[in-house]
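Chains as they are written, first to last, in this note's numbering: chain C, 19 to 492; chain H, 4 to 449.
A couple of the hints might just be wrong.
Unchecked claim - To spell it out: a stretch of chain C is covered by chain H in this simulated footprint if at least three of its residues, at any positions, have a beta carbon under 8 Å from a beta carbon of chain H; those stretches are:
#: 1; stretch: 20 to 33
#: 2; stretch: 63 to 71
#: 3; stretch: 160 to 172
#: 4; stretch: 195 to 205
#: 5; stretch: 420 to 432
No lab work stands behind these hints: they were computed from the structure. Note that the Cβ used here is the ideal one computed from N, Cα and C, for glycine as well.
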Amino acid sequence: MVFSSLTFLLLFLPALLAVYFACRSIPLRNAVLLLGSLFFYAWGEPVFVLVMVFVTLSVYLGTLAFHAAKSQAWKRVLFTLTIIVALAALVYFKYAAFFTNQILGLFGVSYTMQAPRLPIGISFFTFQAISYVVDAYRGNVRVQKNFSRLLLYVSCFPQLIAGPIVQYADIEYELAERRTSLDDFTGGMRRFAIGLCKKVLIANILGEMLSTLPDAGASVSAGWLTSLIFALQIYFDFSAYSDMAIGLGRVLGFRYHENFRYPYISSSVSEFWRRWHISLGHFFREYVYFPLGGSRKGKYRTTFNLLFVWSLTGLWHGASWNFVLWGLYYGILIALEHGTFKYVVKRTPRPVGIALTLLAVLIGWALFYQTDLTSCARQLFAMFGVVKDGAAISFVGWMDTQTLYALRTYTVLPVIACVLCLPILPALERFMRQRIRLQRSAQLLSVVLLTLGVALSIMNLVSDSYNPFLYFRF
Amino acid sequence: MRRKLSFLVTLWWIILCGVIGVCMLLFANRTPIVSEQENRTLAGMPQLSLESMQKGEISEQFESFLTDQFFLRSDIVDGMNSLKHLFSALTVDDLLNEEGEEVFVPQIEDAQTETAEELTEITAQEITQETIDGETPLTSDETVTGDVARVWLEHKDGTKDALFTYTKEDIQKAADVINTYAGLLPVGGTVHVMLVPRAQTVNKFALHLDTESGWSSEMETALETLLSSNVQVYNPYELFQSAILDGEYIYFRTDHHWTARGAYLAADAMLKGDGYQTIPLSDYQQKTIDGYLGSIYLHGRNAKLKELADEIEVFYPLLPAESFRVSNAYKKNQLPVIDDTQTNYLVFLGGTSGPYRVLESGYHTGRNMLMVCDSFGNSIAPFLLPYYDDVYMVDFRDEYYTRADARAGVKDYVRRLSIDDIYIVLSETNGIGSIYLNKLMPGNIN
Chain C
19 MVFSSLTFLL
29 LFLPALLAVY
39 FACRSIPLRN
49 AVLLLGSLFF
59 YAWGEPVFVL
69 VMVFVTLSVY
79 LGTLAFHAAK
89 SQAWKRVLFT
99 LTIIVALAAL
109 VYFKYAAFFT
119 NQILGLFGVS
129 YTMQAPRLPI
139 GISFFTFQAI
149 SYVVDAYRGN
159 VRVQKNFSRL
169 LLYVSCFPQL
179 IAGPIVQYAD
189 IEYELAERRT
199 SLDDFTGGMR
209 RFAIGLCKKV
219 LIANILGEML
229 STLPDAGASV
239 SAGWLTSLIF
249 ALQIYFDFSA
259 YSDMAIGLGR
269 VLGFRYHENF
279 RYPYISSSVS
289 EFWRRWHISL
299 GHFFREYVYF
309 PLGGSRKGKY
319 RTTFNLLFVW
329 SLTGLWHGAS
339 WNFVLWGLYY
349 GILIALEHGT
359 FKYVVKRTPR
369 PVGIALTLLA
379 VLIGWALFYQ
389 TDLTSCARQL
399 FAMFGVVKDG
409 AAISFVGWMD
419 TQTLYALRTY
429 TVLPVIACVL
439 CLPILPALER
449 FMRQRIRLQR
459 SAQLLSVVLL
469 TLGVALSIMN
479 LVSDSYNPFL
489 YFRF
Chain H
4 MRRKLSFLVT
14 LWWIILCGVI
24 GVCMLLFANR
34 TPIVSEQENR
44 TLAGMPQLSL
54 ESMQKGEISE
64 QFESFLTDQF
74 FLRSDIVDGM
84 NSLKHLFSAL
94 TVDDLLNEEG
104 EEVFVPQIED
114 AQTETAEELT
124 EITAQEITQE
134 TIDGETPLTS
144 DETVTGDVAR
154 VWLEHKDGTK
164 DALFTYTKED
174 IQKAADVINT
184 YAGLLPVGGT
194 VHVMLVPRAQ
204 TVNKFALHLD
214 TESGWSSEME
224 TALETLLSSN
234 VQVYNPYELF
244 QSAILDGEYI
254 YFRTDHHWTA
264 RGAYLAADAM
274 LKGDGYQTIP
284 LSDYQQKTID
294 GYLGSIYLHG
304 RNAKLKELAD
314 EIEVFYPLLP
324 AESFRVSNAY
334 KKNQLPVIDD
344 TQTNYLVFLG
354 GTSGPYRVLE
364 SGYHTGRNML
374 MVCDSFGNSI
384 APFLLPYYDD
394 VYMVDFRDEY
404 YTRADARAGV
414 KDYVRRLSID
424 DIYIVLSETN
434 GIGSIYLNKL
444 MPGNIN
């Protein structure tokens with residue numbers, strides 16, 4: 019089930035909230051939330067719910083086992099085994115076919131392994147499970163002896179399928195003791211509504227626009243616009259899910275960390291990644307980069323560590339060379355920012371830094387958006403006015419009719435989306451709230467806008483189902 | 004106080020959502036129904052089964068049920084589309100030219116405006132027309148003149164735009180297919196060919212009579228030179244020009260088809276080409292159906308287009324005619340020739356039905372014909388009835404035609420059904436360079 023569906027909005031959420039708040043004790047609420055979360059997952063992925071339970075169970079037993087181990091050596095062995103078992107499902111479902119095919123290709127074997135259907139959210143719940151194991155091994159958190167609580171941590175529906183990656187340490191206490199105030203409830207639902215509007219009214223329509231754009235190699239404009247619209251779409255889509263997760267978490271009594279902080283106003287690539295998918299960056303830094311030695315083992319080792327971690331980050335997004343390349347691209351940029359260009363970055367005026375970072379990010383999205391290296395190269399060439407046909411290189415046009423048509427069809431939305439990428443609304447809200455005379459208007463405006471936004475979101479979900487098959491029987 | 008108000012508003016929203024959800028479960032239509040506007044079956048309440056649960060299909064089916072059967076859905080769709088249009092710079096003109104066909108559309112060269120002198124300097128390398136089979140585009144040493152044929156939209160300022168460009172190879176391919184059809188006919192039989200523009204193309208001319216002076220097509224002439232002597236090609240651009248300039252209602256505005264008047268003009272030209280004295284349109288009994296919103300409107304359901312609703316004129320056959328769907332070589336279902344219970348293009352023959360149809364005209368002329376067509380054939384067929392005993396119709400598109408059901412190819416039809424003439428009436432999207440002419444027609448000869 020996804021948040022932006024009528025099933026969730028009209029049935030699941032009202033029913034869950036009604037039952038959840040009807041229960042007074044935390045164990046009962048946990049039970050309701052656990053059953054609700056399992057149902058939420060099983061509604062679309064009934065078989066794969068077993069995968070999630072298996073991962074959690076293996077982590078639960080493994081942690082208990084290494085916690086009980088007498089010697090440090092055994093503890094380490096059992097810890098390693100637990101990590102391997104926890105990762106096994108992710109590796110099998112997401113990467114086995116990719117790596118097998120690469121290896122078979124190296125040996126000239128023509129057999130192609132078909133990738134199995136990917137359990138939704140497997141990358142998120144596996145990472146959450148691993149964060150628990152590592153933290154328990156390090157002694158940062160207490161070993162959870164109650165399996166249902168651990169399962170609730172892994173499967174809790176707000177953050178289950180699209181993050182943020184919640185560390186066990188962050189909600190360890192709340193799993194046992196939490197409460198929801200009126201402000202939490204209202205603020206949480208408000209945040210959820212903002213996310214819903216971002217997803218349905220902006221990201222989905224930007225997605226429609228993206229599908230009307232021509233091949234990204236058609237013209238210079240097509241190349242850049244594809245990257246720009248994709249940059250906006252992925253931001254509004256992904257940050258919307260995070261907003262909805264954070265909001266719902268708050269309603270249910272959990273405090274999740276922010277996952278996005280207006281990334282497109284970053285003045286360096288490093289800053290961009292401190293603002294974009296923060297929980298993923300934190301995970302890799304905490305559980306991969308630092309254990310590798312981080313930046314404390316010399317220049318070359320630091321560069322290697324960065325490139326390794328960023329390749330993994332790329333691979334986490336998908337089993338394809340495009341993603342690896344995308345990760346490496348950022349690894350190289352960040353390595354340069356930390357090394358050769360350290361002082362240049364520091365002294366660059368912020369507006370120039372923002373422009374250069376945006377340029378780098380848009381190029382990065384071309385690597386991410388295209389599904390194969392050939393299309394990727396085609397878009398990148400077109401962005402710089404070149405089309406490559408075999409060995410011949412020629413110039414591509416500035417604008418094409420299809421891009422122009424797409425721009426005329428969706429004229430205003432990209433502009434609105436660009437504006438909303440900037441922290442203008444929070445600033446406006448702060449400004450209004452700081453002035454007593456405007457406080458009431460701010461609150462009223464916020465309620466009216468969100469009421470309208472939610473109504474429009476539901477209407478758009480209904481409207482999107484309009485799918486005329488115009489030529490049937492004609 | 005304000006905090007409480009916010010809380011109450013939030014709570015009210017959640018309760019409202021829950022009430023709508025419960026009402027959907029209790030009162031929404033649970034059985035699948037056919038939507039005339041969308042021409043598809045709207046989802047009903049899914050049946051719970053272990054298999055659908057295991058596959059996770061139930062979630063998609065249930066979501067489809069909620070969205071398809073949502074209260075006031077049609078109004079919501081209209082409202083949202085109007086709202087989206089507010090945020091776009093598209094004009095009504097753009098909307099009327101909107102492409103909605105799922106089949107191959109020849110590339111439109113919108114950006115090209117040259118004088119006739121400039122045209123001779125253009126090399127074929129600049130033409131980006133691609134064919135569906137991926138044939139090699141024209142080489143740089145081939146010049147435009149002679150190697151491609153274009154459809155031109157002529158402006159009052161003396162310049163002209165190429166609406167379509169057809170390559171020599173594609174025209175040759177089409178000619179080969181048509182010649183094969185002509186070769187199947189008995190002596191004296193004729194193949195009549197008309198590749199018809201859609202309303203989107205006609206609108207580029209008909210809606211801009213202040214700036215456009217006319218149009219012309221080189222394609223028919225180029226095709227004709229490659230065809231057998233018993234094939235006649237008709238140029239619809241030439242045929243329709245004066246009617247368009249006179250403001251005759253020969254094409255719908257909100258639908259991609261021609262009107263019955265447009266179809267009559269085409270039928271009249273083709274029959275006269277065969278030497279017939281045709282019956283004037285005024286001799287037919289006529290009826291008008293108002294408020295027709297066709298495929299171009301349905302594509303985006305734009306409120307502005309709603310104001311341009313069309314009317315459908317139907318002309319009843321002069322003698323009572325009967326129409327049947329034929330499958331496995333047997334007449335299966337009787338179909339209406341004019342189904343005036345319909346309020347859309349289905350009024351003509353009740354829409355397409357496969358694998359093929361026969362219209363028994365009630366006349367005794369001793370001649371039968373086969374029409375290979377798409378939906379444009381549905382409105383022209385009634386006007387061909389007085390000249391043939393039986394009018395057979397076949398639409399080779401996959402949605403309608405299966406060889407197993409038809410148990411025949413064109414060769415069999417001609418022999419078994421004593422076909423004298425073949426009419427090929429296809430829209431521009433199914434014309435030169437399309438999968439229809441390149442694959443479906445040759446694939447269904449034997």
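Each hint tested on the structure:
Against chain H, the stretch 20 to 33 of chain C contributes 9 residues with a C-beta closer than 8 Å to a partner C-beta. That satisfies the three-residue criterion, and the hint holds. Using a Cβ-Cβ cut-off of 8 Å, 3 residues of the stretch 63 to 71 of chain C lie near chain H, which meets the minimum of three, so the contact claim holds. With 0 residues bearing a CB less than 8 Å from a CB of chain H, the stretch 160 to 172 of chain C misses the requirement of three and the coverage assertion fails. Counting residues of the stretch 195 to 205 of chain C whose CB lies closer than 8 Å to any CB of chain H gives 4, so the stated coverage by that chain holds, three being the minimum.
By the rule of at least three residues with a Cβ nearer than 8 Å to a Cβ of chain H, the coverage given for the stretch 420 to 432 of chain C holds, with 8 such residues.
Hint 3 from the list above is the single one not met by this structure.
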